Amino acid sequence: MHRCVAKLSTARDGRNEINLNASIQPVDAGFDLHLAGRIVLRQRPSCPAVVIAKGNPEIAMHHGNFRIDDAPFDTIALNEATVQDGGYLLGSGGVPRARLTIAGNAFEIAPLDPSFDRITVRFHAEPDETVWGGGEQMSYFALNGRRFPMWTSEPGVGRDKTTALTQTMDAAGMAGGDYWTTNYPQPTFLTSRWLAVHLDAACYSVLDFTGPASHTIDVWSNTARFELYAADGPLALVSALSNRFGRQPALPDWAIGGAIVGLKQGLASFDRLEKFIAAGTAVSGLWCEDWAGIRETSFGRRLFWDWKRSDTRYPELVARIATLRARGIHFLAYANPYLAVDGALFIEARDVGYLALTLNGSEPYAVDFGEFDAGVVDYTNPAAADWFADRILGREMLDIGIDGWMADFGEYLPTDLKLFDGSDPMEAHNRWPVLWAEVNAKALASRGKTGDAVFFMRAGFSGVQAHCPLLWAGDQSVDFTRHDGIGTVVTAALSSGLVGNAYSHSDCGGYTSLHGNVRTVELMQRWCELSAFSPMFRSHEGNRPDDNLQYDSTPELLACFARWSRVHATLAPYVRHLCDEAVAQGWPAQRPLFLHYPEDPALHAVQDQYLYGADLLVAPVIEQGATARDVVLPGGSPWRSVWSGEYLAAGMHSVDAPIGRPPVFYRPESRFAELFASLAGVLAA
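Reminder that position 584 of the sequence shown reads as 958 in the numbering used here, one-by-one numbering, no gaps.
No lab work stands behind these hints, which were simulated from the structure alone. Check each hint, because a few of them may be wrong.
Taking CB as the label site, the calculated pair distances span [to be verified]:
no.: 1; residue 1: G796; residue 2: R441; range: 19 to 29 Å
no.: 2; residue 1: R1045; residue 2: A642; range: 36 to 46 Å
no.: 3; residue 1: T686; residue 2: A1000; range: 27 to 37 Å
no.: 4; residue 1: R856; residue 2: D742; range: 29 to 39 Å
no.: 5; residue 1: G735; residue 2: T686; range: 30 to 40 Å
no.: 6; residue 1: G796; residue 2: E997; range: 32 to 42 Å
no.: 7; residue 1: V957; residue 2: E482; range: 27 to 37 Å
no.: 8; residue 1: A434; residue 2: G1010; range: 46 to 56 Å
no.: 9; residue 1: A545; residue 2: I651; range: 53 to 63 Å
no.: 10; residue 1: G702; residue 2: R646; range: 41 to 51 Å
Nothing here was measured: the structure is a model prediction, and the numbers come from that model. Glycine is no exception: its CB is placed at the ideal position from the N, C-alpha and C atoms.
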């Protein structure tokens, strides 16, 4: 019997090293591809693992929302397999059509005729196998039974085709979204066999878990390279993936030591900050995203995309930043990878050739962002990337004392422009958030600020982990809705954490307010409870600040924010421990329950509560009007309530959850038990 063996990756769980080998074994006129005792692919004449075709796509973009359709033709199921040169030739009707080869921890499929630019690969699935991954998913943590296109875009408003809000936004410009739309897709999936598969490509692809016997990936390319990983449990598997994609540095003390207050009212922001401090808020930063000026639009108050301080809106900003720093308060700002065509930096970049061009190369490409246009700084040009990192992020921001910023957008690269390196925009689109992250990381490194200053991003793709120190969950609606409200923050953190992103957080209070959807007191209170148990606690005034409650709108809301900021600050020693684990092991701060309790399949799909490290369990209230909720306490040992001190046995419990007392439990044997027990007193103070 022929046997082709290739050495694969090594997974580490911090204690043991697992040597992995892949093997192809001929079976029944086909073959099985094995990895560490698991079947990965099963090729049979009656059920081919590979199908190829030629694509015929239609792509439309409107304000970062995409409609992508395809009408493939010349589809061929490759139901024949013959051994050749340590791999296999796959064919049909006696005609070889594609080559499958193994090298290292990867296998590659390449049609012999490169005009076949659609490859479908069916991976073996076991009954009752749970699947996770797909980057940062907002609606579903376990992916079983659904398809997930891998294309970075605006997630949409509502994200539920049955709701009036989503339907209204769709009618207004494809802006409603769906359960799978996300700023940060990644073609990586993990299964409860503790196996992971990663498509090593940036092209459009689809992860399809609707079939009972296969996990399918559709690839829009004439090659498909897959990396395989296996481990003896989920912790080791997550470590292996974080090694592959890159680990983030530990967050600085200031970022985890209190609240970052988001205000965008120009000079008045500094006076408002004093009210937060007077109310007893543990303040670590002031975030003014309007530092470069504002632009009023029908969507709401947006920013002026010319990344220089606005002396009109923020006079004497450099001196004010220094004064705050002397008080231990850090100043944060905002930037994105585009330049408004009516700004000075657009002209500067245009004149030196740093902007992406129209297809005929005659002029800079202008992207319509809704009532204004912006140019695309072409990060495939190394000189343009260096220019943005130094000229804007360095000289305009870091050099005046700014210690952090929201590195927004990255999802909008159109597919009909000309790039400096000649690459196909369809291939470059998903890479764009990674290139944007590289530019931001380069700016920090150039000033010696890596691990000291922090930028946070919503957009991503495979490899962003090596450059972006912190995610935020994007632009949630200011409500409790299932697919676009507060609960999606938890799903986002859990899903992104499995593929190598250690730190996530959200806009406390939510962001998107449209068509009469505005914040309620209850939402503001519940979001504080959730944010206190995330690595960064940062508020946002939203897209329509004048129409919505703010945390300084009433004494009650201000007191609420202050209380939970103190809880967050008190947890800093524990979060420092989680940062140390993230650096050493690649484990996320916010973890699905099964990560530490893999033996219980009932935990596989739990997405409305999480472990904060191994020792805290957080079950936030994410349903409007709820004053109690069901909580799963995993394992065999009792857990203890942070607020009451009551011990509860492992299992399912209905737990009282009035506003101000979300269910939070800790392991009594934890070395941080005394710290956790002190939180009740901190909250009551």
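A quick look at each hint next to the structure:
1. G796 <-> R441: 19 to 29 Å: holds, 26 Å
2. R1045 <-> A642: 36 to 46 Å: holds, 45 Å
3. T686 <-> A1000: 27 to 37 Å: violated, 45 Å
4. R856 <-> D742: 29 to 39 Å: Cβ of R856 to Cβ of D742: about 31 Å, so the range 29 to 39 Å holds.
5. G735 <-> T686: 30 to 40 Å: holds, 37 Å
6. G796 <-> E997: 32 to 42 Å: violated, 51 Å
7. V957 <-> E482: 27 to 37 Å: For V957 and E482 the Cβ distance comes to about 32 Å; the hint holds.
8. A434 <-> G1010: 46 to 56 Å: holds, 54 Å
9. A545 <-> I651: 53 to 63 Å: 45 Å Cβ-Cβ, so the 53 to 63 Å window is violated.
10. G702 <-> R646: 41 to 51 Å: Violated: the Cβ-Cβ distance is about 18 Å, outside 41 to 51 Å.
In summary, the structure is inconsistent with hints 3, 6, 9, 10 from the numbered list given earlier, while agreeing with the others.
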